[in-house]
Amino acid sequence: MTGPIPGTGVDLAESRPAARTRSPLRRHGLRRAGLVGWLFILPALAFYAVFVLRPILVTFQYSLYTWDGIGPSTWAGFGNYVKVFTDPGLFASILNAVKLIVFFSAIPVVLGLAIASTIRRIATSRLALVARTVIFLPQVIPLVAAGIAWSWLLSSTGVVNQVLTYLGLGGITRAWLGDFSTALPAVGVIGAWVLLGLCTLLLLAGMSKIDPALFEAARLDGAGPMREFLSIVLPSLRQEIAVCVTVTVIAALASFDIVYISTQGGPGNATMVPGLEIYYLAFSERRVGVASALAVVLMLLVIAVALPIQRLTRDRSS
Amino acid sequence: MIIARREAWTGRLLLVLLMAITLLPFLSLFVTALHPSGTYPPGLSWPGEPHWENFAHAFQVARMGELLKSSTLIVLGVVPLSLVIATMAGFAIGHLRTAGRNVVFIAFVLGLTLPFEGIITPLYYQVRDMGLLNTRWAIILPLIGLFMPFSVFWMRAHFVNMPEELSESARIDGANVWQLFWRVHVPLAMPAISSLAILLFLWTWNQFLLAIVLVDDPLKRTMSGALGAFQGQWGTDIPLLCAGSLLILAPTLLIFLIFQRRFVTALLQGSLKG
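Heads up: the sequence lines are chains A and B, in that order. Position in the first sequence (first residue = 1) + 65 = the numbering used here. Position in the second sequence (first residue = 1) + 1206 = the numbering used here.
Calculated directly from the structure, the hints in this document are not laboratory data. Owing to the predicted nature of the structure, the values given are computational and were not obtained by experimental measurement. Possibly wrong hints are sitting among the right ones.
Stated by the list, open to error - Examples of chain B residues lying across from chain A (beta carbon under 10 Å, computed): (1) Thr1228; (2) Ser1243; (3) His1257; (4) Phe1261; (5) His1263; (6) Gln1266; (7) Val1267; (8) Met1270; (9) Gly1271; (10) Leu1274; (11) Thr1278; (12) Gly1317; (13) Leu1349; (14) Asp1379; (15) Gly1380; (16) Val1419.
As the list claims (entries may be wrong) - A partial selection of chain B residues facing chain A, derived with a Cβ cut-off under 7 Å: (17) Ile1291; (18) Trp1343; (19) Val1383; (20) Thr1458.
Built from N, CA and C at the ideal position, the CB exists for glycine as well.
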């Protein structure tokens, strides 16, 4: 397998014998590579600088001004940031994103672990191979399509209510995405559906790398499935779990497509998330400064979450 | 032995359940799409008489032919160029070990987790000032930049593991760096490059935010962006919406089923980006 194995993260340390770099040929090659190497990097760096680095800096710049996108802008200092944290509507969008982590991240990872350790033994059966393809489908289709399909499933006449009625729970049926108290969890369910398959397969791949002798030894020592899970599976899967958590938490914090399609942030602002709020603020309400301040907060939030998780696995595994 | 067998059966049951939950939304879309246009069919129910013509109708009103062309053009704009320049950069950072590579690499890594919403506002004004708003370039050029951190990260990981001797013997044979790259390293990197191609294709095809912000005309968007517009226009006609959704997700589904093994491997490996 080529490419980074999930969870390896950023590996700056290069393990090469020091002696080789001292050979005259290598030194010659290195010096030549200095200039030529930069020519190889330049195109990638140019695209990155123009379409990512510059916009990041400009977002920060915009966030310090009050601007409607057309007329002149006025200096606002950190006023926009104060608004992000004091305006109840804006801050609620950040809180909603944090709440979505439960659905986008906790459920797929915990459920994924449970499923993967149950099907570990039959991972090579024909059924499992078919399942591998099927449970990957949500990763392949546009999130927009997932949003449309689930909006229909969760509607007042949808399948979810049909099943509930069949089970004798007709009393709790409702338009799940239109109800103030259930809209956010309903959006969360869509996210959980999208991410569950990915987490399961990632964790399953990790489990297949565990030495089978470990399990045999544990069984001989009289360990039950639970004990086996806690002492063998969980510690061995640290990296895979870290990847699952990172990917899913980012998906929760930066959610946009699913919410845009299924609720547009409603009812009221019950499902408003930062990504959608930025879009509305910048392109409907024309409050570019506030939108940019929220964007900066969102970017920092994602880095603040992603970095420690990567660090954690890095330190312990090395 | 008995425990193992019982476990296997619970495992099978779980798998079937998991597959059923995964397939349920697709099934619901499908049966709903067969109901008479404009009706509100209840949940999962097979229509008295399946209206297959809904698909033809949706194909027509969604202008699928043009959408397919548009998405294909955008993918062709993004993927090949991204592959070439990311492979070059990954080669320089991972194999040539150019001086100052670590600084560049860290700069790229910082972009790995960037949420696109974070920079969409300045991107809009930048693309407008470049005069590219409402053209496919408005999606293509920023996407190349936005995918670059992952692409470089991915290709570097491949080149870091390439043995030094390979390049040394090629150099002794008189090859310059350019020839070394194209004749020796690119052919060897093909597995990594093709996996990256799959991921970039998928992410481009399914890109939604850039499409709805930077391009007004649904016919110049990606499939995903067009589906958003389709929902806005036909959202009240549920069977038609379902038929249109199925048509619009069909191409990725088809390509996935053809290349499924590569897809699953690539996506699992690439999930660091997610």
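Earlier hints that do not hold, by number: Checked against the structure, the hints that fail are numbers 2, 3, 4, 5, 6, 7, 8, 9, 10, 11, 14, 15, 18, while the rest are satisfied.
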